[in-house]
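Student: What follows is the residue order along each chain.
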Amino acid sequence: MESPSLVEKIVTKPYKYGFVTEIETEKISKGINEDIVRLISSKKDEPDFLLHFRLKAYRKWLTLKEPNWADLRYPNIDYQDIIYYAAPKTDKKKQSLDEVDPKLLETFDKLGIPLNEQKRLSNVAVDAVFDSVSIATTYKEKLAEHGVIFCSISEAVKEYPELVERYLGTVVPIGDNFFAALNSAVFSDGSFVFIPKGVNCPMELSSYFRINSGDTGQFERTLIVAEEGASVSYLEGCTAPMFDTNTLHAAVVELIALDDSSIKYSTVQNWYSGNEEGIGGIYNFVTKRGQCRGKRSKISWSQVETGSAITWKYPSCILQGDESIGEFYSVALTNNLQKADTGTKMIHLGKNTRSTIVSKGISAGQSSNSYRGLVQIGSKAIGSRNYSQCDSMLIGDQAAANTYPYIRSQQAKASIEHEASTCRISEDQLFYLQSRGIGCEQAISMMVSGFCRDVFNQLPMEFAAEADKLLALKLEGTVG
Amino acid sequence: MIRPEAQTLLEISDLHAHVEDQPILKGLNLKVKAGEIHAVMGRNGSGKSTLSKVIAGHPAYTVCKGQVLFQGENLLEMEPEIRARIGIFLGFQYPIEIPGVSNLEFLRVATNARREQIGKEELDTFDFEDLVNERLKVVQMDPSFLERSVNEGFSGGEKKRNEILQMALLEPTIAILDETDSGLDIDALRIVAKGVNQLANEDNATLLITHYQRLLNEITPDYVHVMAGGKIVRTGGSELAIELERSGYEWIDSDKNNQEVK
Ligand SMILES: Nc1ncnc2c1ncn2[C@@H]1O[C@H](COP(=O)(O)OP(=O)(O)O)[C@@H](O)[C@H]1O
Ligand SMILES: [Mg+2]
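Chain order of the listed sequences is A and B. All letters in the first sequence, in the order written, are residues 1 to 480 by the working numbering. All letters in the second sequence, in the order written, are residues 1 to 262 by the working numbering.
Quick caveat, the hints were computed from the structure, so don't treat them as lab data. Where hints are given, some of them may not hold.
Stated by the list, open to error - So these bits of chain A aren't anywhere near chain B, every CB distance computed over 12 Å:
| id | residue |
| --- | --- |
| 1 | Tyr167 |
| 2 | Thr245 |
| 3 | Tyr314 |
What the hints assert, rightly or not - Label-pair distances were calculated between CB atoms; the ranges are:
| id | chain 1 | residue 1 | chain 2 | residue 2 | range |
| --- | --- | --- | --- | --- | --- |
| 4 | B | Ala60 | A | Asp71 | 29 to 37 Å |
| 5 | A | Pro161 | B | Arg148 | 54 to 62 Å |
| 6 | B | Tyr212 | A | Ser426 | 27 to 35 Å |
| 7 | B | Asn217 | A | Arg385 | 42 to 50 Å |
| 8 | B | Cys64 | A | Glu277 | 33 to 41 Å |
| 9 | A | Thr245 | B | Gln67 | 51 to 59 Å |
| 10 | B | Ile96 | A | Ser415 | 34 to 42 Å |
| 11 | B | Gly45 | A | Arg385 | 48 to 56 Å |
| 12 | A | Asp71 | B | Glu73 | 44 to 52 Å |
| 13 | B | Gln140 | A | Asn200 | 47 to 55 Å |
| 14 | B | Ala60 | A | Asn200 | 52 to 60 Å |
| 15 | A | Asp71 | B | Lys26 | 44 to 52 Å |
Ideal placement from N, C-alpha and C gives every residue a C-beta, glycine not left out.
Kindly generate the complete structure, drawing on both the sequences and the hints.
Tutor: Set out below in structure tokens:
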């Protein structure tokens, strides 16, 4: 080995989840207009309130502009060149797993998410979403015994329309932003979680999103409600095949926490990120927001963002209830030509509200990785406190990291603390580990996982090790 | 100890190396056999650390001429981690801090990488703890150092002891200790020297890079080499170090009888 470019040569291992499932798919024609919105709604047999919700959102969307304030440059997206609904051809949703197309089960097997009884994860209930449709949800009956509702949002619309109507769009209004409006107009499927009063959800809940078609946008919608004193931990995972075109993913996630309840939402995002030249990959424009509506409620976001060509994502907390707590723990890794602009907003409205932000950005290759965060303290939020820590790690000398912390406080009796640091994995650190017999890739992965430990500790146990492995895999190079 | 029949471990011939176009090593020769302890002395900037890093495979240094053989194999073709696994150890002059990486975990991964190479079984966390606790005694280090990040916030002396601890765990065939003695108080120096003496045997060899006679009072070298201008200009027995201590390096400069060791 001769050159300092060794570190630069550390590139992503071929994407493991890049296969396409050959399955007959029902797709509607490309493009978006009111008829398409109506068509989606009718395909899903939706009640009127939802059709109106969609149409209102669509009309709002027409008036909105695509945001351009993030550190992200990408070619214009032609919204008429996208298919807004694709579903594996089946009749209706299956009642039991035996009826699900084996090809789909096989696909999820390959992704490491076995759904059938014998092999499924023992303490995690899974909702598997394939393109626009939820194909199966495990452990439904067991959860129902506790009064927990965990199903696809389409199913919830049919089975629990009053709950959906009561909560949908109340945290992320339909006109919140360009991508949220688009999602509200055309969202296809996603998960619905309802934890009734006083119930601690007995298992981890998890949704796994799989984009299979190349020309189809993915617009999933997730709604999680924890009633008074309830608690739940939810994890989402995502992968997509490798296509040399870009696929749009514009999701909306809404969390609602009532008095004394807590919601923990973890994401391991590994959408296809494009190749080394930056061709292909998912455009990930996501609106995630939680509202601590009740007193002493708590919402905690943990995310490990490793995929996508572009990530635009700011999981946020509105701390409305007095003494409510918001947390954001994030690891964002970019490599090659990936771009990420991610962070959080903590909006303190109630008294004595508290928020913690821990963000770890890792940039390798020629990628760019920005943290963008807002801490806002309203005039009534007496005694509120925020602590933010934003650390960046650079690998090689062509990657970029930026930090944009915004602070707005209308309350003198509040405390806001912000710490930031940037480090670079130096050649000498790498050499030190190598000179003790530790290979270059393992050396980098040791340093990276050390850097991320504070965040990994927040992930549900089952997934912390996975996340660690995923990062190692992402950094695994072609050298050595 | 010098034994004519001992195996040659390291053989460096006509070694030239540069960093960023600046030549630093300019035709260096050195031969080290099993069981020997060599001391390398010389002024600051004479190229001692460069020599040690070239042997260990630091990417910033480019070898443009000459060769380095380790047990007859071309060392220069190997990645640094391979060199370490087959038994080259470099105790750094300035051990670097690696925040976030636990010292214990680091030591375990490194030890197992070496053990795998020499056909010993991998140690699990419990077995490794036993081993590390035993080796900690050699350097009289507190076990609390294992809980911390590698070298982070360690004092100069603690970093050096951590280097010797690594050496004790890795049981290298050739240990190169680059100014492990500088910055140590006399007690720490004795601990380090005791560690080195304890680990030296007839199958391995030690290369001590040092400025001071005081380390050589504790460890008696079989050979003393003096480096100047990127080569070894003089080689002798332990008495050479004493002479250097008395007369300084100017004596080397003025001495027309400097010879190169082939
Ligand atoms: N990485 C480097 N970049 C530039 N110059 C270097 C580097 N390493 C060593 N040198 C130069 O090479 C010469 C020898 O340095 P070194 O090997 O550290 O000497 P010593 O250890 O004998 O004091 C010095 O002039 C030093 O400045
Ligand atoms: Mg030196």
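Student: All hints, please: hold or fail.
Tutor: Verification of the supplied hints:
Once the 12 Å rule is applied to beta carbons, Tyr167/A is consistent with being away from chain B; the minimum gap is 41 Å. Every Cβ of chain B is farther than 12 Å from the Cβ of Thr245/A; the closest lies at roughly 38 Å, confirming the non-interface assignment. Every CB of chain B is more than 12 Å from the CB of Tyr314/A (nearest about 26 Å), matching its label as outside the interface. Between Ala60/B and Asp71/A the beta carbon distance is about 32 Å. The supplied range of 29 to 37 Å therefore holds.
Look at Pro161/A against Arg148/B: about 57 Å separates their beta carbons, and that is inside 54 to 62 Å. Take Tyr212/B and Ser426/A: their Cβ atoms lie about 29 Å apart, and the range 27 to 35 Å holds. Checking the proposed 42 to 50 Å range against Asn217/B and Arg385/A shows it is violated: the Cβ atoms sit about 59 Å from each other. Hint check: Cys64/B to Glu277/A, Cβ distance near 34 Å, so the stated range 33 to 41 Å holds.
With their beta carbons about 52 Å apart, Thr245/A and Gln67/B fall inside the hinted range of 51 to 59 Å. Ile96/B and Ser415/A have their C-beta atoms about 36 Å apart, which keeps the hinted 34 to 42 Å range intact. The given range of 48 to 56 Å is respected by Gly45/B and Arg385/A, whose C-beta atoms sit roughly 53 Å from each other. A C-beta distance of roughly 49 Å is found between Asp71/A and Glu73/B, which places it inside the suggested range of 44 to 52 Å.
Checked against the hint of 47 to 55 Å, the C-beta distance between Gln140/B and Asn200/A comes to roughly 50 Å, which is consistent with it. Range check, Ala60/B to Asn200/A: Cβ separation about 56 Å, and the 52 to 60 Å hint holds. In this structure the supplied range 44 to 52 Å holds for Asp71/A paired with Lys26/B, their Cβ-Cβ distance being about 49 Å.
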